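Enquirer: As they're listed, the protein sequences go chains A, B, C and D. Under our numbering, the first residue of the first sequence carries the number 142, and numbering increases by one thereafter. Under our numbering, the first residue of the second sequence carries the number 142, and numbering increases by one thereafter. Under our numbering, the first residue of the third sequence carries the number 11, and numbering increases by one thereafter. Under our numbering, the first residue of the fourth sequence carries the number 11, and numbering increases by one thereafter.
For the record, the hints were derived by calculation from the structure and aren't laboratory data. Take these hints with a grain of salt, some might be off.
Here are the simulated lysine-lysine pairs, DSS-like style, with alpha carbons at most 30 angstroms apart [claimed, not checked]:
| no. | chain 1 | residue 1 | chain 2 | residue 2 |
| --- | --- | --- | --- | --- |
| 1 | B | Lys167 | D | Lys129 |
| 2 | C | Lys168 | A | Lys373 |
| 3 | C | Lys287 | A | Lys167 |
| 4 | D | Lys111 | D | Lys235 |
| 5 | C | Lys527 | D | Lys200 |
| 6 | C | Lys103 | C | Lys146 |
| 7 | D | Lys168 | B | Lys373 |
| 8 | C | Lys103 | C | Lys613 |
| 9 | D | Lys129 | B | Lys289 |
| 10 | C | Lys128 | A | Lys166 |
| 11 | B | Lys289 | D | Lys103 |
| 12 | D | Lys200 | B | Lys289 |
| 13 | D | Lys200 | D | Lys168 |
| 14 | D | Lys111 | D | Lys129 |
| 15 | A | Lys289 | C | Lys168 |
| 16 | C | Lys287 | A | Lys289 |
| 17 | D | Lys574 | B | Lys289 |
| 18 | B | Lys289 | D | Lys204 |
| 19 | C | Lys574 | D | Lys527 |
| 20 | B | Lys166 | D | Lys128 |
| 21 | C | Lys129 | A | Lys289 |
| 22 | A | Lys289 | C | Lys204 |
| 23 | C | Lys129 | A | Lys167 |
| 24 | D | Lys129 | B | Lys166 |
| 25 | A | Lys166 | C | Lys129 |
| 26 | A | Lys373 | C | Lys204 |
| 27 | C | Lys622 | C | Lys527 |
| 28 | A | Lys289 | C | Lys200 |
| 29 | C | Lys574 | D | Lys574 |
| 30 | B | Lys167 | D | Lys128 |
| 31 | D | Lys128 | D | Lys146 |
In this text, all values refer to a predicted model and were calculated from it rather than measured experimentally.
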Amino acid sequence: MTDTIVDIGMPGLAGVPTTDEPQTKKDFTSDQEVRWCPGCGDYAVLATVQGFMPELGLRRENVVFISGIGCSSRFPYYMNTYGMHSIHGRAPAIATGLASTRPDLSVWVVTGDGDGLSIGGNHLIHAMRRNVNLTILLFNNRIYGLTKGQYSPTSEQGKITKSTPMGSLDAPFNPVSLALGAEATFVARTIDSDRAHLTSVLRAAAAHRGTSFVEIYQNCNIYNDGAFEILKNRDTRDEALIRLEHEHPIRFGADLDQGVRRNASGQLELCAGGEPDVLVHDAHHSDPSVAFALSRLADAATLAHTPIGIFRDVDRPTYDDQMNAQLQHAADAQGEGDLAALITGNDTWTIE
Amino acid sequence: MTDTIVDIGMPGLAGVPTTDEPQTKKDFTSDQEVRWCPGCGDYAVLATVQGFMPELGLRRENVVFISGIGCSSRFPYYMNTYGMHSIHGRAPAIATGLASTRPDLSVWVVTGDGDGLSIGGNHLIHAMRRNVNLTILLFNNRIYGLTKGQYSPTSEQGKITKSTPMGSLDAPFNPVSLALGAEATFVARTIDSDRAHLTSVLRAAAAHRGTSFVEIYQNCNIYNDGAFEILKNRDTRDEALIRLEHEHPIRFGADLDQGVRRNASGQLELCAGGEPDVLVHDAHHSDPSVAFALSRLADAATLAHTPIGIFRDVDRPTYDDQMNAQLQHAADAQGEGDLAALITGNDTWTIE
Amino acid sequence: MSARQVHQLDRVVIRFAGDSGDGMQLTGDRFTSETAAFGNDLSTLPNFPAEIRAPAGTLPGVSSFQLHFADHDILTPGDAPDVLIAMNPAALKANIADLPKGATIVVDDADFSARALKKVGYDGNPLEDGSLDAYKVHAVNLTGITAEALKDFDLTRKEAGRSKNMFALGLVSWMYGRPIDGTIRFLESKFANKPEIRDANIAALRAGWNYGETTEDFAVRYEVKPATLPAGTYRNITGNLALAYGLIAASKRSGLPLFLGAYPITPASDILHELAKHKRFGVRTFQAEDEIAGIGAALGAAFGGALGVTTSSGPGIALKSETVGLAVSLELPLVICDIQRGGPSTGLPTKTEQADLLQAMFGRNSEAPVPIVAPASPGECFDAAIEAARIAVKYRTPVFLLSDGYLANGSEPWRIPAVDDLPTIDPAFATAPNHQNGGDPEFWPYLRDPETLARPWATPGTPGLEHRVGGIEKADGTGHISYDPDNHDRMVRVRQAKVDGIGVKDLEVDDPSGAAKTLVIGWGSTYGPIGAAVRRVRRAGNDVAHAHVRNLNPLPANTGDVLKAYDTVLCPEMNSGQLRMLLRARYLVDVIGYNKVRGLPFKAQELATVIKDVMDRD
Amino acid sequence: MSARQVHQLDRVVIRFAGDSGDGMQLTGDRFTSETAAFGNDLSTLPNFPAEIRAPAGTLPGVSSFQLHFADHDILTPGDAPDVLIAMNPAALKANIADLPKGATIVVDDADFSARALKKVGYDGNPLEDGSLDAYKVHAVNLTGITAEALKDFDLTRKEAGRSKNMFALGLVSWMYGRPIDGTIRFLESKFANKPEIRDANIAALRAGWNYGETTEDFAVRYEVKPATLPAGTYRNITGNLALAYGLIAASKRSGLPLFLGAYPITPASDILHELAKHKRFGVRTFQAEDEIAGIGAALGAAFGGALGVTTSSGPGIALKSETVGLAVSLELPLVICDIQRGGPSTGLPTKTEQADLLQAMFGRNSEAPVPIVAPASPGECFDAAIEAARIAVKYRTPVFLLSDGYLANGSEPWRIPAVDDLPTIDPAFATAPNHQNGGDPEFWPYLRDPETLARPWATPGTPGLEHRVGGIEKADGTGHISYDPDNHDRMVRVRQAKVDGIGVKDLEVDDPSGAAKTLVIGWGSTYGPIGAAVRRVRRAGNDVAHAHVRNLNPLPANTGDVLKAYDTVLCPEMNSGQLRMLLRARYLVDVIGYNKVRGLPFKAQELATVIKDVMDRD
Ligand SMILES: Cc1ncc(C[n+]2csc(CCOP(=O)(O)OP(=O)(O)O)c2C)c(N)n1
Ligand SMILES: Cc1ncc(C[n+]2csc(CCOP(=O)(O)OP(=O)(O)O)c2C)c(N)n1
Ligand code: SF4
Ligand code: SF4
Ligand SMILES: [Mg+2]
Ligand SMILES: [Mg+2]
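Isolated chain A, as found in the complex:
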C-alpha cells in the first residue's frame, strides 16, 4: 500500500507515504456537519488540526483518527481521513492494534478527560508504557460534556455538579504527572484557543516516534465555562502561564519577571525572573524527574502557575517497531513460514 516515502525529518512519520500535491485545510475537512455546541472549544482545536495537517504533506488516506466516546470523540467524523468513533475509553487499545500492524499509517487518538482518564485510564497508561507510535490528543475540559455535566477525574476537588451537589471529594489527576509516572516518552500540554502554541505542540508530537501524549485544555462553555479563564484572560494569563521551551530558562510573567528555580531542599520554587539560577528546561533528559517536578507547579484548584509546552520528549524504541523487527528477524533467521511443514511437525505416521 505504501509508496513514495519522503523523509520529512519527522521520525514519528517515517514510513508514512507523502504526497507532492499541495494540500489545504479543506482537504482535511469532511462533509459532515459539525455538531458541537456553538462556542465549544472543540471547534478551535478542530480548525487548528485541519489547518496543521497539510504541513505534514502525508497522503490523506494514510492518516487515521480514532476516538472513544464523548463530545470531543466526535472529532474523527469531521476529519476527511480514515477514522473510527469507537466506544468509551478504548481508543488507545484499538489504535495500538492498528499502529502495530500498519507502519505506513499516521495514527491519531482523540479522547477526553473522562474517556481517557476515567474509563480509559488503564489503556492510556499502558499505551504510554509500551510507547506505541501514536499521537494522543486528550481534550481536557475538566467535565463530562456529552452526559451533561458530571465531574471528571480532572475536576477540581469540591466541584459542584449534577452528580456531586455537595461538591466532589476526590483529588484530580494531573494528566502530565500521571503520564510521566507511566513511562511516557512524550508529554505536552497546550490550550484550545492558542492556535500557534497548539500547532507547535502538534508538530513536535507528530515528529516524535512513540506515544505522544498531548493534554489540550478545552473550554466547555455549556457545563464548565471559563474553566481555563485564568490562562486565557489578558489580565491573568501572563502571571498564570509558564511556557516551557527546550533549553530556555523557565521564565514567565508579563515581562518575564518571574522564574522557576530549585530551592535548598530540592523542591522547585518560583523566583524573580532575573535570578541567575533560574532553571533551564531540558525536555530531552532521560530522567523524567525534573519534568515531573515541573508538572507539580500548577495549583490543582486555581491552575495558577500552569506550565504548558513540551515537558518531556525522549527516544525509546517503539512497541510496533520492535514487533515488526522481531517478525523480520524471525523470517530472516528461519525463512518465511512453510504452512505444510508447520502443521506436519516431526512426530507423524502414515497409514496406507
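Place chains B, C and D with the ligands on chain A using the hints.
Expert: Leaving out everything else, chains B, C and D with the ligands in the frame of chain A:
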C-alpha cells in the same frame, strides 16, 4: 456494630474497634491448607502479616482482606478474618465500596503485578487518587504466576516467557513512580524475605489514613526464580539496596560508604556516603517530586540501587471520611430524611 | 375567563418542538405540571438528540416534548399531536409528518428567512406556499413579541428573545385554561439569585397568556375537564425519579443503608443525580471510574451489609457482566438497574428500546441465573425498585431491574402510596454459628435456608462468623474451595433452583368478556401502547385479552396455563423477539411476534391494527 | 521382544497420576506420542488442579493424565482406567474410585509412611489392609529404584528421584510394547544444555523398560495392534494447537496478516503461546493489559486489514462483550475464540464445560447477532478456525468459535490435510468508489453486497475511500450517523438477515439403519461421548440417530426437518440446556435435555444408559 474504640495512635485505624484480649499469630491463621508452591515468597509475606496483626489489637471480625485473582490473591483464604477472593483486577473497586460504607473496618487489598497493574491498573490509580482508607499490598514477582509464566507489566524489557519467546517489548511500570504520578498519599516498597522491614512498612501503612500503597518484591521460585536475588544475596544486597528512612540521610553500601545527592543539573546522583550534601529523606513533604526522583534511581533491568522503605507519607482527607461527613452534614442541616415527605414532593393534587 | 368561545374536548395531544437550546424540555415539563395540577390524566414523551446542542436551526438539533392529557385515564403520550408548537423552521420540518390533517400549528415565524429555510431543506416558505393549507396555522412572531414585551428589562433583544419559550407556554396555558401560578412559583425559586432573568421569564409567561386573551388570532379556547382517577393524592412522576424514590424506600423499609455505585450514562444518569441529593437519607452515591468499578463497589458495600445498587444502560451493563457473575457466585444481594436504550453498541443513546432482556438473562459466562423484574409504567418503577430489593435481600442474589428510556423520561400521574403500606424487607443477618463440628460451633456461609435456598448473610464486624467467599466453586455448605465434580453439578442446580423458586405474583390477565381467543402478552414499557390498542380493538367490538409480565425471571407460575388458554398469542416487543423466544422455548407455544425497533414507543393505532390482523388470520 | 507371555487387547485405558510436581502431564504426553507413533487410535484427557503446585502429597495437589488407545477408531479418553500408575498415596486415594474391579495398579510405595497416609486421610495402609484385593496391584519402589539406577550420576538421591516419572514411563512402555526412541530424542533436545539431567532421564527411562523386562513382577505384556484409520499421514494434536494452526492457515489462505490480541487465561493461554512462536509467518501476538484491550487491538488491526483474532475463556469473554457489540456495529471481520471452562465466575478454571453458548448468542447490549461455530474434536479445531475466519471475512462480521477445556488440552490422531485442499478466503477489499452522486464518485461504507449483505471493507491507505465508522447507528448505505427511526429498524433487520443468510453446511445425521425413532443431538466436545454411547446402544441391537451441530448460529437450514423426523430428540449438554433452549424456541420441538455440569466430559456408558432410558420411555 462497633464498640470499644481505643485510640492506638494509628489514624488509619481510628474507628475500628479494638480488643483487650491478647492475640497471637494463630488467631489470624485460618484452617485452610495453604496451596502455594513450596518455596514461594508468598509464604513469607503471609507469615509476616499474620504475625504482625496481633500488634494492632483489632477485633478480628473487623478486619477484611479483599483480593483479585492470581497466586498472591489466594491470600485472604489463609487469614482468619473476613475476606473476599474476587475477580481479576477489581479488588480496589470492591474495597472502595466496603471502606466507604464501613468506617469500623480495617480493609486490606492483596493484589499482584498482573492483577493490580495490568487488568486492574485503572482501579488502582483511581483508588489512590481518591485516597480511600485502604492498605493495598501489591505482590510484585514480575511475572504471571497462576497462569504459568507470562511476562507482566513489571517484567524487565526483553524478558523471555511463554508469551514472549523472542523477548518482551514493553518498558515495565515502576509501581512507585506510577503511584506517585497518581496522587498517592502513601507509597512504600519492601521485600518478602525481610521480615523486619516488611513489618515496619506494614505498621506505617496501617497507621496512615488514606490509601496506603505497598509494593512487595516477592519471589516466584517456579516462573521467575531469583528475580530479586541482587537485593537479597549477601554479596550484592548492600550495594544494591537503598534503605529510605524519614529524616535520615540517604546512605547505603556495606558501611554506608555510598549516598544520594542532587547534582548541578538537578538530577539525583550517587556519591560517596561521606559527602556533606547527601540528601536527607523527607517522606512527609507535600511535593511528591523528590520521592518521584528517588523512585527513578533503580535500574529497571537489574534493580541495582533500588530504594526500599517509605517514599511518601502525607495527609489528605480520605474519600470515605469526606463522604460520611457530607451525609452527617446533610442530616444535621436538613434533618433525617422523611420518606413520606420525599415521595410526596410539592406538586400534588387530590382526588376524593 | 374571557368571553371567548370554549370547546370541550376529552383529550388533547400537544407537542412542543424547537432547538436543543430553546428549552423545550423545560417548557414541556412545566405544562405537564400545570396539567397535572389541573387534575387531568396525562402521559408524556420527551425526545431529544444525543448531541448536547447541535447547531441552531438544524434538523439534528431539534428537541421535542409531547404531552397527552385527558378527562379520563389514558395510557400513552398519544400517537399524533393535535397541536404542534414549533419554534423555528427546523422544528416545523422535523415534526410536520407526524401531524394529522386538521391539526393546529403555532409557529414562531421570527426567522423564516431563505437562509433559515434552506438550512433545513425547504425550497419554498411553507407558511406561504400553501403546503400547510390542511392545518390550522397560527404564525406568530414569538421571538419578536417576547423581545418587545421585555424591552423595559435591561436585556439585549437577543437575551430577551430567549424567554420566548415562556411566552409560548403562557399562550398555550391560556388556550387550554391551565393555571400558571405553579410555573411562576417554579421560576421564582429556579432563578432566585438571578432576579433579572426571573422577572423576564415571568413577564414573558404572563405576556403569552395575555396575548391569547387579547389578540383576535386565537378565536377559541379548549377545555379538558379533570379526570376521575381512583381516590388519593397524586403527583406527576418520571420513571427515573420513581426508581430513585423506590430505592430509598427499599433502604428505609429494610434498614439497610443505600449505596449506589454508578458511572454516568444516558438515560440512567438522572438516577445518580437524584440519589446524590438525598444524603440526609444516608444514601451514598459513588461516581466510579467506570461501570466495572461501579458494580464492584456496590458489591463490596453489599458484602459490608449495605443495599448495593448499580445503575447503567446497555453498553455499561455489558461491561458489568463479569462482576454480575461474581455476585451470582458470592450470593450477595445486589440490584442492577438497566435503563435500556437503542443499540447495538453506542446505538441511539437518547432513544428507547427493550432489547437487553436476553443480555440480562444470559449475558455472562457459564450458568449464572439472575432474577429479572421490569416495570410497565413510570410510576411502577417505584414498586419495581422495592420488589428488586426484596428479592435480592431475601434470596441473597443480584437482581436485574429493566427500565427503558421511555419509562425513564416519560411521566404520568402517580398515586402517592402511604409509607406504612410499603412492604418491609428483613435483612435477617446471620449473627451466630449455624453448624456444630463435634462440640465446636462453626459458621458455614453456604449452609442454606431449606425453604428459600438462600445462604446466610454474615457481615464483617460479626464476631465468630469470620469467613472467606470467592468466585471459585465452593463446597455446598462449608463454602470452601471445591473442585469436586459432583459438588459443582449440585451447586449449579442449587443456584438455578434458588432463582426458579423465588415467589412471584401470578400473571394477571385482562380479559373482560372472558371470551377472547387472542392474547396479547408484553413486558415493560409497551404496557401503555398495548393497553390502549386493546381498548380500541374492544371498542370496535372484538374480544382480546392482555397480560403483562413484570417478573421475567422466574416467570409467574401460571404463565404456561395462561398462554395455552388462548388460540393465538401475540407478543409485541421493541426488540427482535426476546420474550417471545423465552416463552416458546419454555412452553412450546407458537407465540407470534410483532417487532419494531425504531427507538420510539409503539403507537396505539399501529398495535390495534396488528392485533386485528392477527385475529383475522384464524 | 522378551519371551514373556503376551496378551492381545483391542483397547486400553491408562491413567498416570501423581503430584503436580511429578511431571505426570509430560509423562502422559510422551506415552501418547509413543502410542501415536505406534499407530493406535487414541484420545487423551489431562486433568490438573488450578494451583500451580499445591503442596506435595496432598489430594488437591494430584495431577493426572488419562489415555485411551485402541486398534480401532475410538471417540473418548475412556470411562474407567484399566491401568492406574500412582506415584504416591494421594494419587492412589484420589483415583481409586474411578477404577473398575480387576484393574491393574502400579504404585510407587516409596513413601507410604503413616504421615504420608494420614495427610490424605488413609487410616490404614491400603497396600496392606486388603482394601485393594479386588485389583492387580504392583507396589514398586519407583523412587528408590530410580535413585539406585542413577547413583553413578552426580545427583543427590532427591534429584535422582525426580526422574521416577521417566522410570515409570519406561516400565509402562515395556508393558505395552511402545517404542521409546521418540522419547529419547525428545529428552535429548529438551535438556540439550543440561546434559546431566538429560542423561539421567534417559537412563531412568531405559531402567524402567529393563525393570519390566527382567523382574518377574510383571508376568505379562500387552499388545494393542495398530488401528486401521483412513489412509493418510497422521500426527497427534491437541485442540489448542490445532486451533492455532488453523488460524495461521486462514491467514495464509486469505493473505491477511494474522494479529492476535489476547490476555492470558486458562485454558486459552496456550493459543497465545503457540502463535507467539510463529513470527516468521507474519503472526503478530499482542499480550494486552486486559481482555478489553485484547479484542480492541484485534478490532483495530482488522480495521487496518489484518485478520484480527482474540482468544479467551468465559470470564474474559464477558469483559469483551461491549466491544463485540462495536464489532457488530462496525461490521468488521473478527474471530473471537472462547475456550470454555467451568463457571460461573472464576468457577473451575482448569475444568471443561460448554456453558457459554448463550453468552456467545446474547451476551451484549441490544440486538447484536454474531455467527457461532463449534468444533467437535481436537482436530476439528483446525477446520473451525478456518471456517470462523471464512465467515468473518466474507460477511464482515465478528464470529465466535466455541472450544472448551477438554478439546483444548485433549488430543487425538489427526490426518494432516494437504495445504492445497484448504479453502481459500478472498478478502475482496474495496478499492474504488461504489456510488455516484450526480457526477461525483463517492464511497459508501454501508452499501451492501445484495447477495451476502456484507459491506465493503476499505482499509486505510486506499485513496479516495476515506471514511469514518462508529458505534452510533448508521444510515443504511452512506454510513453517516442517523437517528432516523425507520432507518434504525431497517439496520437492525439487515444485521440479523446478514447473519441468518450465512451459508452453512446442512446438518448430517448418522442413522445407519434409517430406522431410528430417537435422535441424539449435540454440539462441541460431547461429540466423542455421544458417538461412543450411540455405538454401544446400537451394538446392543437398538436403532438410534446422532446429529452434531457445528454451526450454532445460524443453524443449518435443515435442522428443523431433522428434528421433526424423529419421535424423540435428546440433547445431552455439559450445561443446563442451552442448545436445547435454542432448538425448542426456534422449532417448537420438545427436545429433551440431559445435563451434567461436572467439569468433566460425559462417560460413554453414562450416556448410553440415558439414551436407552429415553428410548424406553415411549
Ligand atoms: C460504556 C459507556 N459508559 C458510559 C457512557 C456515557 N458517556 C458517554 S461520553 C461520557 C464521558 C464524556 O466525558 P469526556 O470523556 O470528558 O468527553 P467530553 O464530552 O467532556 O468531551 C460518558 C460517561 C458510554 N457512552 N459508554
Ligand atoms: C478476567 C480474567 N482474565 C484473566 C484471568 C487469568 N489470570 C488469572 S491470574 C492472572 C495473572 C496473575 O498474575 P499476578 O497478578 O501477577 O499474580 P501472581 O499469580 O503472579 O501472584 C491471570 C491473567 C482471570 N482469572 N480472569
Ligand atoms: S457540552 Fe461542552 S464539550 Fe460538549 S459540545 Fe457542548 S460545549 Fe462542547
Ligand atoms: S507459581 Fe510462583 S507465585 Fe505462584 S505459588 Fe508458585 S511460586 Fe508462588
Ligand atoms: Mg470532558
Ligand atoms: Mg505476579
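Enquirer: Each hint: holds or not?
Expert: Quick rundown of the hints versus the structure:
As the CA atoms of B:Lys167 and D:Lys129 are separated by approximately 21 angstroms, the hinted pair is consistent with the 30 angstroms bound. Note on C:Lys168 and A:Lys373: the hinted pairing holds, with a Cα-Cα distance of about 26 angstroms set against a maximum of 30 angstroms. Distance hint between C:Lys287 and A:Lys167 is unfulfilled; the C-alpha atoms sit about 48 angstroms from each other, more than 30 angstroms. In summary, the hint linking D:Lys111 to D:Lys235 is supported, as the alpha carbons are separated by about 25 angstroms, within the 30 angstroms threshold.
Distance restraint check for C:Lys527 and D:Lys200: the Cα-Cα separation of roughly 76 angstroms exceeds the 30 angstroms cut-off, and the hinted pair is therefore not satisfied. Of the pairs offered as hints, the one joining C:Lys103 and C:Lys146 holds, with about 16 angstroms between alpha carbons and a cut-off of 30 angstroms not exceeded. Between the alpha carbons of D:Lys168 and B:Lys373 the distance comes to roughly 26 angstroms, so the proposed pair stays at or under 30 angstroms and holds. For the given pair, C:Lys103 sits about 21 angstroms from C:Lys613 by alpha-carbon distance, which is consistent with the 30 angstroms threshold.
Proposed proximity of D:Lys129 and B:Lys289 is supported: the alpha carbons are some 27 angstroms apart, at most 30 angstroms. For a cut-off of 30 angstroms, the pair hint linking C:Lys128 to A:Lys166 stands: about 26 angstroms separates their Cα positions. About 27 angstroms separates the Cα atoms of B:Lys289 and D:Lys103, which keeps this hinted pair within 30 angstroms; it holds. Distance restraint check for D:Lys200 and B:Lys289: the Cα-Cα separation of roughly 18 angstroms lies within the 30 angstroms cut-off, and the hinted pair is therefore satisfied.
Between the alpha carbons of D:Lys200 and D:Lys168 the distance comes to roughly 21 angstroms, so the proposed pair stays at or under 30 angstroms and holds. Between the alpha carbons of D:Lys111 and D:Lys129 the distance comes to roughly 25 angstroms, so the proposed pair stays at or under 30 angstroms and holds. Our distance criterion of 30 angstroms between C-alpha atoms is met by A:Lys289 and C:Lys168, whose separation comes to about 24 angstroms. For the given pair, C:Lys287 sits about 17 angstroms from A:Lys289 by alpha-carbon distance, which is consistent with the 30 angstroms threshold.
With a C-alpha separation of about 48 angstroms, the suggested pair D:Lys574 and B:Lys289 falls outside the 30 angstroms cut-off, and the hint is violated. Restraint check for B:Lys289 and D:Lys204: the C-alpha separation of about 22 angstroms stays at or below 30 angstroms, so the hint holds. The straight-line distance between the Cα atoms of C:Lys574 and D:Lys527 is roughly 28 angstroms, inside the 30 angstroms bound, and the hint therefore holds. For the given pair, B:Lys166 sits about 26 angstroms from D:Lys128 by alpha-carbon distance, which is consistent with the 30 angstroms threshold.
Between C:Lys129 and A:Lys289 the alpha-carbon distance is near 26 angstroms, which keeps this suggested pair within the 30 angstroms criterion. Between the alpha carbons of A:Lys289 and C:Lys204 the distance comes to roughly 22 angstroms, so the proposed pair stays at or under 30 angstroms and holds. This hinted pair checks out: C:Lys129 and A:Lys167 have alpha carbons roughly 21 angstroms apart, not beyond 30 angstroms. Straight-line distance between C-alpha atoms of D:Lys129 and B:Lys166 comes to about 24 angstroms, which keeps the hinted pair within the 30 angstroms bound.
Note on A:Lys166 and C:Lys129: the hinted pairing holds, with a Cα-Cα distance of about 24 angstroms set against a maximum of 30 angstroms. Distance hint between A:Lys373 and C:Lys204 is fulfilled; the C-alpha atoms sit about 26 angstroms from each other, no more than 30 angstroms. For the given pair, C:Lys622 sits about 12 angstroms from C:Lys527 by alpha-carbon distance, which is consistent with the 30 angstroms threshold. With a C-alpha separation of about 18 angstroms, the suggested pair A:Lys289 and C:Lys200 falls inside the 30 angstroms cut-off, and the hint holds.
The straight-line distance between the Cα atoms of C:Lys574 and D:Lys574 is roughly 22 angstroms, inside the 30 angstroms bound, and the hint therefore holds. Under the criterion of a C-alpha separation no larger than 30 angstroms, the hint pairing B:Lys167 with D:Lys128 is consistent with the structure, at around 23 angstroms. Between D:Lys128 and D:Lys146 the CA atoms are separated by roughly 24 angstroms; this keeps the pair inside 30 angstroms, and the hint holds.
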